[in-house]
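*Asks:* Below are the chains, spelled out letter by letter.
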Amino acid sequence: MPIASTVTEPFPIYAIHGRYLLFDVDVVSHIRKTYHMCGCLSGTLPQIPQQNVFLGLPLELMTEEAALLVEKQAAYIVDDVAAHTRGLANMSQETKTDYLEARRRECEKEALKHQKEVDEKKRQFKGKGKQEEEAKPEERQEEEEKENGEDSLFAAPSSNESAVQLKADSLLFYPTATVSDPSYHSPAPSTSLVARPDPNSYPLYKHLHNLGYFLSPGLRFGCQFMAYPGDPLRFHSHFITRGLGWDEEIDIIDIVGGGRLGTGVKKAWMFGGKPEGDDTETRVFCVEWGGF
Amino acid sequence: MGSTTAPAPPKKPVMKKPNYNLLHVNPLPLTIQALPPLIPHNPLSLLHILYTYLFCRTPCQPSPPYVGFFNPATRSVHVVDARSIQAFWNSGFFGKGSLSRSEPTWISRRRRALGIIGKDEDLTAEEITERRRQERKQFKLERARAEKERIQNQLAQEGKIDLPADGASSPQPDAAAAGESDITAAATVPAPPIEPEEEEDDELVTDKPSIFVEDLEHLQLTPEEAFFLMYGLGALQVTVGPEGNTPVDIRNALCLFRQHSYFPALENEVYLQPDDTFMLNYVVYHHFRSLGWVVRPGVKFGVEYLLYNRGPVFSHAEFGVLIMPSYSHPYWANDNKRKQKELKPWHWLHGINRVSAQVKKTLILVYVEVPSPEEIKGLDVTELLKKYGVREVALRRWLVSRNRD
Numbered sequence: 001m002p003i004a005s006t007v008t009e010p011f012p013i014y015a016i017h018g019r020y021l022l023f024d025v026d027v028v029s030h031i032r033k034t035y036h037m038c039g040c041l042s043g044t045l046p047q048i049p050q051q052n053v054f055l056g057l058p059l060e061l062m063t064e065e066a067a068l069l070v071e072k073q074a075a076y077i078v079d080d081v082a083a084h085t086r087g088l089a090n091m092s093q094e095t096k097t098d099y100l101e102a103r104r105r106e107c108e109k110e111a112l113k114h115q116k117e118v119d120e121k122k123r124q125f126k127g128k129g130k131q132e133e134e135a136k137p138e139e140r141q142e143e144e145e146k147e148n149g150e151d152s153l154f155a156a157p158s159s160n161e162s163a164v165q166l167k168a169d170s171l172l173f174y175p176t177a178t179v180s181d182p183s184y185h186s187p188a189p190s191t192s193l194v195a196r197p198d199p200n201s202y203p204l205y206k207h208l209h210n211l212g213y214f215l216s217p218g219l220r221f222g223c224q225f226m227a228y229p230g231d232p233l234r235f236h237s238h239f240i241t242r243g244l245g246w247d248e249e250i251d252i253i254d255i256v257g258g259g260r261l262g263t264g265v266k267k268a269w270m271f272g273g274k275p276e277g278d279d280t281e282t283r284v285f286c287v288e289w290g291g292f
Numbered sequence: 293m294g295s296t297t298a299p300a301p302p303k304k305p306v307m308k309k310p311n312y313n314l315l316h317v318n319p320l321p322l323t324i325q326a327l328p329p330l331i332p333h334n335p336l337s338l339l340h341i342l343y344t345y346l347f348c349r350t351p352c353q354p355s356p357p358y359v360g361f362f363n364p365a366t367r368s369v370h371v372v373d374a375r376s377i378q379a380f381w382n383s384g385f386f387g388k389g390s391l392s393r394s395e396p397t398w399i400s401r402r403r404r405a406l407g408i409i410g411k412d413e414d415l416t417a418e419e420i421t422e423r424r425r426q427e428r429k430q431f432k433l434e435r436a437r438a439e440k441e442r443i444q445n446q447l448a449q450e451g452k453i454d455l456p457a458d459g460a461s462s463p464q465p466d467a468a469a470a471g472e473s474d475i476t477a478a479a480t481v482p483a484p485p486i487e488p489e490e491e492e493d494d495e496l497v498t499d500k501p502s503i504f505v506e507d508l509e510h511l512q513l514t515p516e517e518a519f520f521l522m523y524g525l526g527a528l529q530v531t532v533g534p535e536g537n538t539p540v541d542i543r544n545a546l547c548l549f550r551q552h553s554y555f556p557a558l559e560n561e562v563y564l565q566p567d568d569t570f571m572l573n574y575v576v577y578h579h580f581r582s583l584g585w586v587v588r589p590g591v592k593f594g595v596e597y598l599l600y601n602r603g604p605v606f607s608h609a610e611f612g613v614l615i616m617p618s619y620s621h622p623y624w625a626n627d628n629k630r631k632q633k634e635l636k637p638w639h640w641l642h643g644i645n646r647v648s649a650q651v652k653k654t655l656i657l658v659y660v661e662v663p664s665p666e667e668i669k670g671l672d673v674t675e676l677l678k679k680y681g682v683r684e685v686a687l688r689r690w691l692v693s694r695n696r697d
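Line by line, the protein sequences are chains A and B.
Each step along the first sequence adds one to the number in this note's numbering, with nothing skipped, and position 46 is 46.
Each step along the second sequence adds one to the number in this note's numbering, with nothing skipped, and position 395 is 687.
Chain B extracted, bound-state conformation (with noise of 0.2 Å):
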């Protein structure tokens, strides 16, 4: 292999992630009240443990709860106040920021593009995969470079080809380490950029500005977390109007989310079918959601949702989920335009199936089933969701040839 490369590789500065056990402590944004310990021996420690559970008690929801506005045009639940958007993507990975792909960290890719911050500060985690991106890319170009340089010198120790500079051909490893500068600079691929000095740094370091940045990202929620954050949990307090300041209660909400599931959006709530969109997505939401997973959208992957084990930051997601509507109630027996649309071409599955084995995920269809019209009239919100059926089931790509064992 190649005896000699010309410089020593320079040392990789470390990328120091933050410590995400730490930084994600809490799954949902609830403060959790422990109880005293019991210690069977000391029969007093009962006593303690009742005294706290009966008159010490604070909320788990936060006080006073966290805010968002609903966006007709974005049909999403904006989040803007730092300690809302903070409580949302620390503790249980709840929407998305507007400039970034998914955590809001615009504000620190803004600084340090304006030098505010250094370039190792505060990294990331968009911006250490870039960089680990850019240096598995460099050391693929050098390990072809090298490889050329290898081959060419063989060639030339063989008297195949001549190289361009003086003694090249010499047979003395020391002479064909120095005739290897030679060939490096008439090489085709490209010499890797010089690394930046050190002195630049240091400047920016000496004179950075002290301008202020506004942060202009804000958090968006999806009407299905929103709903979640509000019903579920009870940590979120919804906004509408043209200032974004009257507040709605649980039942407006879920008609207002239901309404925008249309296109365009409904006007009454009488129009309302069991199966839009919102209704089918808040009850696998809601479903996995209380089965602990952490739930987030999957269009990327041409599927709906997303399961995360503890969250994107710890590990890819394992599944991903696709809502199918099913109509068994006898309601929907004559209802031959929705029987269709529960009827799906193989071609699409296996299309879907192999979209997801690309990604290493397993495909979970879930099926849910729709009550009828009647059966949902004028209940609240908690009876309605009891309404909703799921099923669940998993796919996977399966050979016959490779599943022999």
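Just chain A, same shape as in the assembly (with noise of 0.2 Å):
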């Protein structure tokens, strides 16, 4: 279902220690509609950092694609660091209380939905603990010495306690906000940074990216960018490519070892560069092995 992008231009991309965050979405899912820039999921689950399959938010962008989103206006970069140690000096006592103030209220519905739930759960156990009874009265010791054992595991605050210390348990947790308080990342323009790609290889990730293709890192495929002539998660890659200076040497050994890299999973190594003061023109060239 399409849903109304709610993303204002130009929006905060965080950058925290060299690397190119975003943490909303909305953004996230924005920028791969908009300007087809996929990203790469970097966040794991606090509890379980071990796993590393299925990675969450924060998106983490690709110096040339920050470049790029900034260069189109569309975003603009914050160090993320300094807006947050100037946002929490900058705060005002009215602004810290209504904030508090704001925060308690949600959490104490939070914790009254709770409690409504747990209530709810607890009856539906009764109530099928009573059919039980009925239906098998030979193993009804038993049964009751499991739901006794369960009860207590289950609700250590029951209904007829007091709501105050059930609330006062549940206010310990606060719910983390997947955006930041919107006082964090409004700094001026002239402090935003900006992003330096490699003047070498940020031309050719440019040139594919005007002509439609959605570029992700290659590291792990022995190259700078994957080309995918759609949206990567309905294509293959058509191109494994390296961005190169206009006079920079490559060595024959590499333009080989680039032909076999990419016909083996049955791509084409892609090498360009741009002439340096042309904005016009790039050149890119594909290999593949011929292997006769």
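Straight line, CA to CA, 27 Å or less: simulated DSS-like cross-link-like pairs of lysine-lysine: (1) A/K266 - B/K592; (2) A/K109 - A/K121; (3) A/K266 - B/K636; (4) A/K266 - B/K653; (5) B/K636 - A/K206.
Just so you know, the hints here were simulated from the structure itself, not pulled from any lab data.
Fit the two chains together into the complex; they arrive one by one in their own frames, and the hints show the way.
*Replies:* What follows is the structure, encoded as structure tokens:
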């Protein structure tokens, strides 16, 4: 189902320790739809950091992607650490209390909801137990013991205890917001950072991006970018690419290696570059291994 | 599965390989003289050994030495006389034929094409491989055809399609077998080409033309191979000059090869750098040759050298060698251009490693320590080579999830 884009441009890209990150899922889908950039999901679960098969937010952007987004005036880059410190320091007392109050209210609401759910579950459980009791009276003793055991585990603050205590407990668990407070990411344009992509590979990136290719980092495959003709979820990549400076030398051994690398996985190995000072022309070449 | 196939498959001629163990018995083109056995309870045997050792020694180098001439246009040493070619290929797998993939076999392929030798006589390694591939392709076609036939038969039995021929849908196996030949004719998969008839072959055998074919092929040695044969083994005499008859000594040969490792070739030897391609390559080549490996160029796999255990005819290469110059001598500390050359991008390493993994080779990075120019000024060849150091690092693709044992 198509969702109307709620992202307002320019949106912030957070630069943390030299990485360009996006934390908002709306922005992530927006750049995928509008700018055909996929980035890399890089977040793990705090409890299970070993699992690295399914990663989530934040989305990490390549330097080239961040630079191109800024160039298209779709985004600006925020030094997140500095912005955070500044945001905290400049916060007025009023805003702070308002924020804390809003936070408290939200948590209260959550706690009540949780309490309701617990009550509902308990009621269902009891009802089921009663039915089984009627059905098999000979196993009653056993069932009752089990029920008691589970009961004590299941809901420590039972219904007749005060809701106040429960509320206090639940308040300990503040839900983590996916989007940080707006006061943190509205710095003056003068303070925003500039991404500096590799001057040898950026022209090639831009050229292929303008032709409508989806580009993703290709380190795993031994190249700089993988070029997909459409969304990577639908297509295999056609090219594995390497950007070169106009006068950069390349070894014949690397050409052979690149050709074998591409042909071995049924792709074409591409290299290309742009003459210095000329923005109109980017030339690319494809190499395939003939194996004659 | 396919109940019957129309004709019994013709008997495959068994391709006989030459006995490589006998052919390549010497690992290097040197003759080795065995001393008589030592018999412990017979002291006279010791005298026999001493006598042979002191008075009956023959040099292990060939005499006269094998010859080759340096060709600046191809930057290689050409070996044209049959004795040297045979020695270099059979003992140590040096060089490659100028008209062949590796072993110089142009002459026998040519003679077969002209009909001087029969089609199964004196098969070369390439031809055997080619035939094996053809056979495999044929087998796959055959299998696809049988499979298709089976499906059609099944469909016909179930009444889903009508076979074009008579009685094809009959359930009796005999009739089905009879119908199959019709299906074969109608099948879209092309039938295998008819086996060449025996008579034709006999005819060829009887009218063998007896033309003399001149062997136009020569053996090409890379400068590193040639220098190893000259300096390391003393088995080769390299000549230069327009007529190719001026012999060069080892020191001049080194200068010559080093000058030609630049492009365009250097005119004067004073501009030679300690890290020129020839020096780096030769140090590595010599290192692995002296450890007993058969070292051959590995451009086709994107590496500098390939290491074979006994030789390319016995097994595939186990290792691919990449040469990395290392400038850790303090002299190079301020040379940014060279320091930059040391830094290679990660994606390059991943690419090369993937290519090596595809062909089941282990990648070895060989770091060559480059001495400073002052250190090596005016040294003779052996002293010069001693100044270079070699470190090896083996590299393999390692995946966390696949290597968890």
